[in-house]
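Assemble chain B onto chain A, guided by the hints.
So the protein sequences, as listed, match chains A and B.
Using our numbering, you'd call the opening residue of the first sequence number 1 and step up by one each time.
Using our numbering, you'd call the opening residue of the second sequence number 1001 and step up by one each time.
If you're looking for bench data, these hints aren't it; they were derived computationally from the structure.
Note that the structure is a prediction, hence the values are computed from the model and not measured.
One or more of the hints may lead you astray.
Claimed, not checked - Here chain B is said to cover these stretches of chain A; the calculated rule only asks that three of the stretch's residues, wherever they fall, bring their Cβ under 8 Å from a Cβ of chain B: (1) 27-37; (2) 62-71; (3) 98-110.
Stated by the list, open to error - Just the calculated beta-carbon pair ranges, DEER-fashion: (4) A:G33 / B:K1046: 27 to 35 Å; (5) B:G1033 / A:K112: 42 to 50 Å; (6) A:F47 / B:D1074: 22 to 30 Å; (7) A:E11 / B:K1046: 44 to 52 Å; (8) B:A1016 / A:E15: 21 to 29 Å; (9) B:P1013 / A:M134: 27 to 35 Å; (10) A:G36 / B:P1013: 20 to 28 Å; (11) A:E45 / B:H1134: 36 to 44 Å; (12) A:S20 / B:P1013: 20 to 28 Å; (13) B:R1010 / A:E15: 39 to 47 Å; (14) B:E1110 / A:L113: 34 to 42 Å; (15) A:K49 / B:A1016: 35 to 43 Å.
For each residue, glycine too, the CB sits at the ideal point set by N, CA and C.
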Amino acid sequence: MTAKISYADVEVGTELPAQSFPLTRATLVRYAGASGDFNPIHWNEKFAKEVGLPDVIAHGMFTMAEAIRVVTDWTGDPGAVVEYGVRFTKPVVVPNDDKGAVIEVSGKVGAKLDDNKVRVDLTVTSAGQKVLGMSRAVVRLA
Amino acid sequence: MALDQSFVGRSYPPTAPYEVGREKIREFAEAVGDTNPVYTDAEAAKALGYPDVIAPPTFVFAVTFKAAGQVIEDPQLGLDYSRVVHGDQKFVYSRPVHAGDRLTVTSTIEGIKSLAGNDILDVRGEVHDEAGEHVVTAWIKLVARAAEEA
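Excised from the complex, chain A in its bound form (with noise of 0.2 Å):
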């Protein structure tokens, strides 16, 4: 493993690159046959409408797949990630539209920790709504 960025050039509060994750119809579409997550929340907006969604959802192992890369991007080494942790809070609600969603994601350092981690704290939103919690993930860095 090799990660990019150095444990001694980060400290509490460092920013990580913010990225945004753009979404439509096609893409959980897509999503479900590559996870085998074909549950009809995620694509039949019939059936999410009939038990109780807005529209259709993201799949939230979609959303947690789609922040991690704020830190795999970071580190360059995605197998420097040790440990990644989410709650689903809010469902990413993808419209029948040309636009979709948005899926966007910040980290900073939360904390350093023993040999060389350190612990990234996530926030990601959708609509202006945090969409997952406790979002955090603990990286080996160089």
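Just chain B, lined up with the frame of chain A:
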């Protein structure tokens, strides 16, 4: 109806091996729009010290979630899956998953709680490779919302 607390600590038999394929990793990386070459180019992965392309951190969820199906569908436990939402998800890695891994999962019920009529189920999935070495542990929290009428 609240879930039976006596199921806490119950482990299920290890799953049959899931063989991680290069093209499955590529498909997943493309589906999340991630162009990091370590997911698709074996040489780029080897340059970082891995034996083959590695999988994005959440790739293994498909394997552990399928294994958790043993718990979710256990008729003795009696979870009403139609009311279940995914509450929390966590992974702790010993190393990244890579192409060629043959992974088995052992699922254990770590907790059962009842809160305001909701059933909360915590399942731990320990993932090992063919040599029996630990690769990753996945924790999933499932919340079965209270039925609308008793």
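Quick rundown of the hints versus the structure:
Coverage of the stretch 27-37 of chain A by chain B holds [criterion: at least 3 residues with CB-CB distance below 8 Å; count 8]. Closer than 8 Å: that is the beta-carbon criterion, and the stretch 62-71 of chain A has 6 residues meeting it against chain B, so the requirement of 3 holds. Counting residues of the stretch 98-110 of chain A whose C-beta lies closer than 8 Å to any C-beta of chain B gives 0; at least three are required, and the coverage claim is violated. Here the CB-CB span from A:G33 to B:K1046 is close to 28 Å, well matched to the stated 27 to 35 Å.
Restraint check, B:G1033 to A:K112: a C-beta distance of roughly 30 Å breaks the suggested window 42 to 50 Å. Restraint check, A:F47 to B:D1074: a C-beta distance of roughly 26 Å satisfies the suggested window 22 to 30 Å. Between A:E11 and B:K1046 the beta carbon distance is about 33 Å. The supplied range of 44 to 52 Å is therefore violated. Taking 21 to 29 Å as the suggested C-beta distance range, the pair B:A1016 and A:E15 does not conform, at roughly 44 Å.
At roughly 32 Å, the beta-carbon separation of B:P1013 and A:M134 lies within the given 27 to 35 Å, and the hint holds. In this structure the supplied range 20 to 28 Å holds for A:G36 paired with B:P1013, their Cβ-Cβ distance being about 21 Å. Range check, A:E45 to B:H1134: Cβ separation about 42 Å, and the 36 to 44 Å hint holds. Look at A:S20 against B:P1013: about 44 Å separates their beta carbons, and that is not inside 20 to 28 Å.
At about 44 Å, the beta-carbon gap between B:R1010 and A:E15 stays in the expected band of 39 to 47 Å. Distance hint for B:E1110 and A:L113: a CB-CB separation of about 24 Å, inconsistent with the stated range 34 to 42 Å. Take A:K49 and B:A1016: their Cβ atoms lie about 38 Å apart, and the range 35 to 43 Å holds.
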